[in-house]
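Protein sequences, first through last, are from chains A and B. Letter by letter, the first sequence follows residues 1 to 761 in the working numbering. Letter by letter, the second sequence follows residues 762 to 917 in the working numbering.
Because the hints were derived from the structure by calculation, they are not lab data. One or more of the hints may lead you astray.
Capping the alpha-carbon separation at 27 Å, the derived lysine-lysine pairs in DSSO-like fashion look like this [what the hints assert, rightly or not]: (1) A:K406 - A:K309; (2) A:K25 - B:K818; (3) A:K25 - B:K774; (4) A:K401 - A:K308.
This is what each chain is made of:
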Amino acid sequence: MAKAEHTVLGTNMPRMGGVERVVGKGIYGIDLNLPDALSGGVLRSEHAHAKIVGIDTSEAKAMPGVRAVVTATDAPDVRYGRSYIDRYILAKGKVRYMGDPVAAVAADSQALVKEALKKIKVAYEPLPVMVDPEETMKESAPTIHDDMPLPKNLPEGVKVKNVCGYAAVNIGDAETAMAEADVVVDEVYETRMIHPQYLEPRIAAARPEEDGRITVWANAQAPFPVRTEVANLTGLPLNRVRVISTDIGGGFGGKGSGVTSSAGLEPICALLALTAGQAVMIVLDKAEETISTTIRSGCKIWIKSGVKKDGALVARQGKVVYDAGGYSGFGNQAGGRCTQMVGGWYRLPNIHMDGFTVYTNKQVCGPVRGPGGPQATFAMESHMDSIAARLGMDPIEFRLKNAPEKGDGIVGVPKLRDSSLAETLRVAREKIGWGKVKLGKNQGIGFATGAWIEGSGPGGGAVVKVNEDGSATVHIGKVDYGTAARFGIPMIVAEELRIPTDDVTVLNVDTDASPWDAGTVGSRSMLVSGSAVKLAAEDARNQILRMAAAQLEASPEDLEIRDRRIQVKGAPSRSVSLASVCTAAHNEIGDVIGRGYFDSKASQADERERGSSQPFTTHAAMVEVDTDTGNVKVLKYVAVHDVGFVVHPKAVEGQIEGAAAMSLGQALCEQVVHDGQGRTLNPTFVDYLMPTINMLPRIEAITVSGYPGAGPYGTKGAGEIGSVPPMACIANAICNATGVRVRRLPLSPENVLRALREAGK
Amino acid sequence: MMSLEITLTVNGKSHTAELEPATALVDFLRDILGYKGVKLCCNTGECGACTILMDGKPVNSCVVLGADAAGTDVVTVEGIADGDELHPVQQAFIDTGAVQCGYCTPGFIVSIKALLDRSKNPTAEEIEEAISGNICRCTGYTKIFDAVELAAKQIS
Chain A
1 MAKAEHTVLG TNMPRMGGVE RVVGKGIYGI DLNLPDALSG GVLRSEHAHA KIVGIDTSEA
61 KAMPGVRAVV TATDAPDVRY GRSYIDRYIL AKGKVRYMGD PVAAVAADSQ ALVKEALKKI
121 KVAYEPLPVM VDPEETMKES APTIHDDMPL PKNLPEGVKV KNVCGYAAVN IGDAETAMAE
181 ADVVVDEVYE TRMIHPQYLE PRIAAARPEE DGRITVWANA QAPFPVRTEV ANLTGLPLNR
241 VRVISTDIGG GFGGKGSGVT SSAGLEPICA LLALTAGQAV MIVLDKAEET ISTTIRSGCK
301 IWIKSGVKKD GALVARQGKV VYDAGGYSGF GNQAGGRCTQ MVGGWYRLPN IHMDGFTVYT
361 NKQVCGPVRG PGGPQATFAM ESHMDSIAAR LGMDPIEFRL KNAPEKGDGI VGVPKLRDSS
421 LAETLRVARE KIGWGKVKLG KNQGIGFATG AWIEGSGPGG GAVVKVNEDG SATVHIGKVD
481 YGTAARFGIP MIVAEELRIP TDDVTVLNVD TDASPWDAGT VGSRSMLVSG SAVKLAAEDA
541 RNQILRMAAA QLEASPEDLE IRDRRIQVKG APSRSVSLAS VCTAAHNEIG DVIGRGYFDS
601 KASQADERER GSSQPFTTHA AMVEVDTDTG NVKVLKYVAV HDVGFVVHPK AVEGQIEGAA
661 AMSLGQALCE QVVHDGQGRT LNPTFVDYLM PTINMLPRIE AITVSGYPGA GPYGTKGAGE
721 IGSVPPMACI ANAICNATGV RVRRLPLSPE NVLRALREAG K
Chain B
762 MMSLEITLTV NGKSHTAELE PATALVDFLR DILGYKGVKL CCNTGECGAC TILMDGKPVN
822 SCVVLGADAA GTDVVTVEGI ADGDELHPVQ QAFIDTGAVQ CGYCTPGFIV SIKALLDRSK
882 NPTAEEIEEA ISGNICRCTG YTKIFDAVEL AAKQIS
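Please work from the sequences and hints to get the whole structure.
Structure follows, in structure tokens:
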């Protein structure tokens, strides 16, 4: 728990790295300046589904200034993937979406690269293109992957094809409970694909070194998985691969890593560099990025719930069909999480859900901000309002009636230690003025709750080196792209060592020096690196106090660090400077190096034992619908969150506001549109609409406290959960304003107007 | 390929350099003159990451030809601070937590400087209008709006 004596935690320390960013000196991946680096580029498939009959690179190779041309035959015969190891870095034998990498070129200039890519002749034999997962999973559908088996956990008797992930929720007896329910509501929802559209394009740079090693620069969220991938796909051992993280201009899961983002860009770049014997840098063009890198999948959700007259939920049945794209990518994980979340986070004793993740000929599913959650919640929380309407109940009262309490289990969590869901509902109701504010014509208020269950996941370490002047240099495995690494993490070190935050430097990731980490994903920076860095700072402090104790002739327990000095508690005159102790360490232990790690197994055991405290949220929106145009204007938006203890209030608010805004974009306008041949129709920012400031209200982020989580000081993850409720929240507000339920995203003028007209309004 | 020589002023400093006729101003500023604070993103004039001031007016430098900048006075994000002293907008971005990944930040700062140069006490509508051409994917704009208000307060 947070203690009153915290001096740094809970304040709004200026973001580390802020100054260089506001003066334009941040060195992002795209700003790298590697002397003599060649330009690299990727040839992408022009068919969404086709056999590769032959590739002729001879003309490209013969061009002066072209230094390397590679295809699948130049790469080791190794595939990569997450659940399904189904993908080569360069397509082999077949392409499975329009944008699949087929060949790559390194040349003296970008213009030459473009010219050389055009000279590569690929002979394709087109195959039927499958863009609709419902069609693709039929047994009669063409096969997208010839040698990929159906999921091992698929229930017997289920006849499907092209399925690369299955997830089930089975709690109680949903069939019987549904039959005994007083009211049954049965609905179908659909969401569309969106692209995370981080502003900085993906890059990769690679340089073969004289000593047989290779250095890779990546603007990836997960440098260690990139290292693994480069090693596996080049045949080099890990000690010969060094991955350096640049500053990163947004990611949102889209830069998750090579494996999870399925861009394969770093290994392709490494292959080019090794072939050319020279450094190579690839920068993706934004339109190329939109069609080729990973996305938040569209999905179709069938949801049916049974309730008693008093509003008690008794049964839920449903199905999710989740679009993986041409390769499995993160589809199995995101589709599985989506399926669980359609089951919900209310007290619900009987649930049966089936979730299928299905290959199609579209770009690949990645772990975009709360993978699976926003889509599931669009359906689940819209559905909750539909049920409340059928019962004639107030939507907040209906949710409060079913909100879990201490000791309850919800999908994915056997036992809750406490539950903040009800408090977030009450605060959101109050803040939006539900039942109090006078609504104008076609104005309405909607609510939606959200959860982002923090469960098992990898551990990760931290190293805190205290220099001889008492300042600290900190290594963690998580990168900085506006998340905890350079907001909250330096504050923890400053707090634990009682040194000014200016004396703390948190380094970006260099796999040669940083502790291993799975990547800056899953809202886990505070849980993993925060826990690790707290223990590392404590370890360093103990070393310092032990050495100081000898000098001060006191026991280490009686000492404290204050104002860059170590003093005897209660007798500040007996003190010695921090710098002198850390300098004297040279004669004793060399230097003060604290080590700590997040012990995932121990954390999970503790959660099992004591129950777990999960983050919950309720969002509330006030909207006005123009019934002539279908345009929806969001007038007010409140996001009430429990994220446990708040280390850096503005950073947490920023995460919530940004996550909400991204999903408001998906709610109101965003979608990647494909034609029947799998071609992306809106690859550039001219056609891919995203919210600008004049489309959004100032989002009001509010935190509630008193529900300590598993992270250090009782923190919980804050990066993704804000993206969970907005789509349902806006849909519910539209329904409140117009009486019309829109079950298909986006809630664009076109779709809203159609729904209004269909309802005769 | 044919190349031209142009002279322009960037952040108060005169530059004469060669470029190919088709070179966009963003590439000229970044790759030839080294002003990497001008951020490259959409290349279609939609996101505002490459916003600069050209003779005092904010423009998307990706949709302007470098050659068309001949003889103009360009200000990039690198030219906004007064030596080591940050411009109030820059300080406000740090103080309000408006810098997350920071990639859109230079473009916003340039757009907002232009706004505050012409309007000391902008209304909410003027603020929205001035930065409606800049996309931020991290913040949801709330803290950016706070930063503009704070900077305006500091200036006036």
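Hints, verified against the model:
| no. | hint | result |
| --- | --- | --- |
| 1 | A:K406 - A:K309 | holds, 25 Å |
| 2 | A:K25 - B:K818 | holds, 22 Å |
| 3 | A:K25 - B:K774 | holds, 18 Å |
| 4 | A:K401 - A:K308 | holds, 11 Å |
Of the hints listed earlier, there is not a single one the structure fails to meet.
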